[in-house]
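Student: Going line by line, the protein sequences match chains P and Z. In this text, residue positions in the first sequence follow the numbering used here: the first is 1, and each later residue adds one. In this text, residue positions in the second sequence follow the numbering used here: the first is 1, and each later residue adds one.
One or more of the hints may lead you astray.
Claimed, not checked - Just a few of them, taken from the derived set where beta-carbon distance is under 7 Å, the chain P residues facing chain Z:
#, residue
1, 10
2, 19
3, 47
4, 98
5, 118
These are calculated hints, taken from the structure and not from any lab test. Quick caveat, the model's predicted, so the values are computed rather than measured. All residues carry an ideal CB built from backbone N, CA and C; glycine is no exception.
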Amino acid sequence: MKSSLAVLGFFTAGCWLGTRPELPEFLRGGLLPLAALYLLMLEVGVSLGSDAKLKEILRSVKLRWLLLPAGTAAGTLLGALAASVFITRWSWSECLAVGSGFGYYSLSSILIARLKEPVLGAQAAGALATVALLSNMIREMFTLLFAPLLVRFFGKFALVAAGGVTSMDATLPVIARYSGKDMTFLAIVHGVTLDFSVPFLVAFFCSL
Amino acid sequence: MITLIGTLFAGLFIGFLARGRRWTLWAGKSVSGTVYVLLFLMGIGVGGNRELLANLSAVGAEALALSLSAAAGSIAVGAWMYKKLLERGSR
Numbered sequence: 001m002k003s004s005l006a007v008l009g010f011f012t013a014g015c016w017l018g019t020r021p022e023l024p025e026f027l028r029g030g031l032l033p034l035a036a037l038y039l040l041m042l043e044v045g046v047s048l049g050s051d052a053k054l055k056e057i058l059r060s061v062k063l064r065w066l067l068l069p070a071g072t073a074a075g076t077l078l079g080a081l082a083a084s085v086f087i088t089r090w091s092w093s094e095c096l097a098v099g100s101g102f103g104y105y106s107l108s109s110i111l112i113a114r115l116k117e118p119v120l121g122a123q124a125a126g127a128l129a130t131v132a133l134l135s136n137m138i139r140e141m142f143t144l145l146f147a148p149l150l151v152r153f154f155g156k157f158a159l160v161a162a163g164g165v166t167s168m169d170a171t172l173p174v175i176a177r178y179s180g181k182d183m184t185f186l187a188i189v190h191g192v193t194l195d196f197s198v199p200f201l202v203a204f205f206c207s208l
Numbered sequence: 001m002i003t004l005i006g007t008l009f010a011g012l013f014i015g016f017l018a019r020g021r022r023w024t025l026w027a028g029k030s031v032s033g034t035v036y037v038l039l040f041l042m043g044i045g046v047g048g049n050r051e052l053l054a055n056l057s058a059v060g061a062e063a064l065a066l067s068l069s070a071a072a073g074s075i076a077v078g079a080w081m082y083k084k085l086l087e088r089g090s091r
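Given the sequences, and given the hints that come with them, work out the whole structure.
Tutor: This is how it looks when you write it as structure tokens:
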């Protein structure tokens with residue numbers, strides 16, 4: 001929760017600074033965010049690759065556990081498709097691209113901004129990226145806020161599914177608390193699987 | 001695109017080779033820092049986007065609609081899977 005607030009804080013600070021005309025131009029380009037994104041990919045890779053505990057967890061994975069992330073992905077995409085009927089500004093594939101973030105707000109928004117710029121132009125791509133950012137952030141916060149209710153009315157798996165990618169880190173503590181500690185490994189595998197699928201699915205839907 | 005995934009896998013490879021070394025712990029911690037920087041830069045992009053700022057309430061509404069319906073879809077599937085699991089267990 002605290003880190004979500006910090007993220008929101010940095011984002012808001014950036015927003016405010018972005019409205020100032022005296023801001024140096026190099027901070028506005030696409031080059032810096034792109035460099036930061038590559039750095040993020042490298043860091044995530046190194047931290048995952050060097051994690052001995054993660055290896056243990058993945059070794060104990062049963063193949064049928066992959067049904068849950070597959071189900072989460074399918075449910076998310078169907079939900080996003082349903083919403084796209086009411087959202088007039090964006091096409092169904094653009095809505096699906098946003099949904100494919102599965103809660104991974106930083107990566108999905110930057111990817112969409114970059115991939116959609118040649119097609120939509122910088123302003124519109126930025127707008128879609130912001131929708132992706134906000135929507136995936138809301139998803140994480142929703143999961144955190146309603147965790148106990150989700151388990152009570154929909155069962156243990158539903159909480160993990162709601163969290164999407166965040167079930168491996170940000171929402172893992174509430175999953176352990178409300179779905180039970182024995183769900184921890186499944187939640188991590190669920191999150192990691194979706195984590196890998198985000199760039200592929202976002203890119204795929206952006207290209208349609 | 002490919003280069004991004006490639007970078008991720010490069011990181012995985014490096015991390016695997018360097019597992020156990022102390023500096024790998026920094027990688028995990030620096031992820032948060034990089035996310036902050038990334039979001040800060042994204043914020044700057046948003047702040048300078050006149051068209052976006054003019055449509056801010058629309059953006060918010062769209063984001064809310066997408067997040068809730070996406071979450072609802074996942075929750076429905078998760079609930080169904082759990083129910084199926086329980087049914088199988090009681091047979």
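Student: Hints first: check each against the structure and report whether it holds.
Tutor: A quick look at each hint next to the structure:
no. : hint : verdict
1   : 10   : holds (4 Å)
2   : 19   : holds (4 Å)
3   : 47   : holds (4 Å)
4   : 98   : holds (5 Å)
5   : 118  : violated (13 Å)
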